[in-house]
Structure formats: structure tokens, C-alpha cells
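The opening position of the sequence shown corresponds to residue 654 in our numbering, with each subsequent residue numbered one higher.
It is possible that part of the hints are untrue.
[Said to hold, decoys possible] Simulated pairs of lysine-lysine, DSSO-like, Cα-Cα distance not exceeding 30 Å:
1) 813 <-> 827
2) 779 <-> 707
3) 816 <-> 827
4) 781 <-> 656
5) 811 <-> 798
6) 660 <-> 808
7) 779 <-> 808
8) 815 <-> 779
9) 779 <-> 689
10) 714 <-> 813
11) 808 <-> 781
12) 781 <-> 689
[Claimed, not checked] Derived CB-CB ranges, DEER-like:
13) 815 <-> 775: 53 to 59 Å
14) 794 <-> 735: 33 to 39 Å
15) 684 <-> 662: 32 to 38 Å
16) 663 <-> 734: 36 to 42 Å
17) 660 <-> 789: 54 to 60 Å
18) 689 <-> 655: 50 to 56 Å
19) 781 <-> 818: 50 to 56 Å
20) 780 <-> 674: 31 to 37 Å
21) 783 <-> 701: 54 to 60 Å
22) 782 <-> 806: 43 to 49 Å
23) 689 <-> 786: 20 to 26 Å
24) 798 <-> 730: 29 to 35 Å
25) 817 <-> 794: 42 to 48 Å
FYI, nobody ran anything at the bench for these hints, they're computed from the structure. Keep in mind it's a predicted model, so treat the numbers as computed, not measured. The beta-carbon is built from N, C-alpha and C at its ideal position, and this holds for glycine as well.
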Amino acid sequence: MGKCVVKECESRSQKHNKSSGITFHTLPKDATRRKKWVEIIRLLRKETDWVPSKSTIICSKHFRDEDKLGPKSDCGRVYLSNEANPMLVDELLFEKPVDLLVEENMDDDVVETDEEIDEITESPQKHKMRKTIQRLKSVSTRRLKKIKNMAQKIKRLKTKNKKLKDVIEEMKQKMYVK
């Protein structure tokens, strides 16, 4: 099947079965509801230009329990109510409380450079562009090294060729002299 469309979510349909309690749902066919789901998923993914595919699925972790309808048959399939919409991140945080472990005496000083902060706060498009630039720079560096090595190889071959021509010329002169 596939992976949940929400980026931070690690739910995969191959990994989870019905007994795990996680179910997977396709986008609604109703145009109005589908549009609403796409808007919410774009917010969850932080991608304003995201477009769903035919196989796009979202897992049940992103819906309220009251939106889930119990199994309608023996196959155990869970359905969503007609009013169900995926929850936004803030709603998810309030839905399930998280236990935090806080240490009283924290001696570690966390110092981040401006560059590290920029990397954390940049948009996904900017991050993708930064990665592309880094990749292209490394490709360019490798190609420049290759060109330099080839130029050196050509220079060595030309020198060797010249020496061999000199030897041939010298041998021709010795044969004529005798």
C-alpha cells in the first residue's frame, strides 16, 4: 500500500495491521471534503503546493477517536464519519499529553550558530535548494579534479611521446651515419 502522507509520521501500511489499531484512509471522493483534507494536509506537510496522487493515504493517528466508526463487518475495516477531517498539529498535541522529563541541573550550554538556526527555520523549498546546491558543488569539485588529472595525464603522454620521437630520430641518424 504505502506510507502516511504526513511527513513526520512514520506509519506504513506494510508495518501496521488492523490489530495494531492503525488504519489507513484514502482522500474523500466528495470534492468539498477532499479540498478541505488537501488544505489540512498541506498545512501538516508545510507545503503550499503539494498535490495528492491517486494512492495518497493518511493514517488514523491524524483523526479524533470520535471521528472513527467501528468495524462495519467481520473484516475489521474502520470507517471515518462524514464530518471527519484530519487534525492539525496543535490539535494532536492537545489530544495526547506528552510526559516530559526535566532535569533540574543542566550544565550543558547549548550554543547554536546563526547558520544552524537558519537551517532549522528555513522553509522546505529553501532546504531542498540548499541540499541541491551542496550536491552540485560536490559534483563540480569532482569533475574539476577529474579534468585536472586528465590534463596531467595528457601532459605526461605528450612528454613520453616526444622522448620516443627523439629516440627514433636518433636511431635513424645512427643508421645513416654508419
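Evaluation of the provided hints:
1. Under the criterion of a C-alpha separation no larger than 30 Å, the hint pairing residue 813 with residue 827 is consistent with the structure, at around 21 Å.
2. With a C-alpha separation of about 27 Å, the suggested pair residue 779 and residue 707 falls inside the 30 Å cut-off, and the hint holds.
3. For the given pair, residue 816 sits about 17 Å from residue 827 by alpha-carbon distance, which is consistent with the 30 Å threshold.
4. A threshold of 30 Å between alpha carbons decides the hint, and for residue 781 with residue 656 the separation of about 21 Å falls inside it, so the pair holds.
5. Of the supplied pair hints, the one linking residue 811 and residue 798 holds, its CA atoms being roughly 20 Å apart against a limit of 30 Å.
6. For the suggested pair residue 660 and residue 808, the alpha carbons sit about 53 Å apart, so the restraint of at most 30 Å is broken.
7. At roughly 43 Å between alpha-carbon atoms, residue 779 and residue 808 are farther apart than 30 Å, so this suggested pair is violated.
8. Our distance criterion of 30 Å between C-alpha atoms is broken by residue 815 and residue 779, whose separation comes to about 54 Å.
9. Restraint check for residue 779 and residue 689: satisfied, since their Cα atoms lie roughly 26 Å apart, inside the 30 Å limit.
10. For the hint pairing residue 714 with residue 813, the CA-to-CA distance comes to about 71 Å; that exceeds 30 Å, so the pair is violated.
11. Restraint check: the Cα-Cα separation between residue 808 and residue 781 comes to about 41 Å, which exceeds 30 Å; the hinted pair is violated.
12. Restraint check for residue 781 and residue 689: the C-alpha separation of about 27 Å stays at or below 30 Å, so the hint holds.
13. The beta-carbon spacing between residue 815 and residue 775, approximately 55 Å, falls within the hinted interval of 53 to 59 Å.
14. Our hint of 33 to 39 Å for residue 794 and residue 735 is violated, since their Cβ atoms are close to 57 Å apart.
15. For the hinted restraint 32 to 38 Å between residue 684 and residue 662, the CB-CB distance of approximately 25 Å leaves it violated.
16. Between residue 663 and residue 734 the Cβ separation comes to about 26 Å, which falls outside the hinted range of 36 to 42 Å.
17. Remark: the range hint 54 to 60 Å for residue 660 to residue 789 is contradicted by a beta-carbon distance near 24 Å.
18. The hinted range of 50 to 56 Å is not satisfied by residue 689 and residue 655, whose Cβ atoms lie roughly 21 Å apart.
19. About 55 Å separates the C-beta atoms of residue 781 and residue 818, a value consistent with the hinted range of 50 to 56 Å.
20. Range check, residue 780 to residue 674: about 33 Å between beta-carbon atoms, so the 31 to 37 Å window is met.
21. In this structure, residue 783 and residue 701 break the distance hint of 54 to 60 Å, their C-beta atoms being roughly 19 Å apart.
22. Taken as a hint, the range 43 to 49 Å is violated for the pair residue 782 and residue 806, whose Cβ atoms sit roughly 36 Å apart.
23. A beta carbon spacing of about 36 Å between residue 689 and residue 786 contradicts the range 20 to 26 Å that was offered as a hint.
24. The given range of 29 to 35 Å is broken by residue 798 and residue 730, whose C-beta atoms sit roughly 58 Å from each other.
25. Separation of residue 817 from residue 794 is about 35 Å and departs from the stated range, judged on CB atoms against 42 to 48 Å.
Violation of the numbered hints given earlier is confined to hints 6, 7, 8, 10, 11, 14, 15, 16, 17, 18, 21, 22, 23, 24, 25; the remaining hints are satisfied by the structure.
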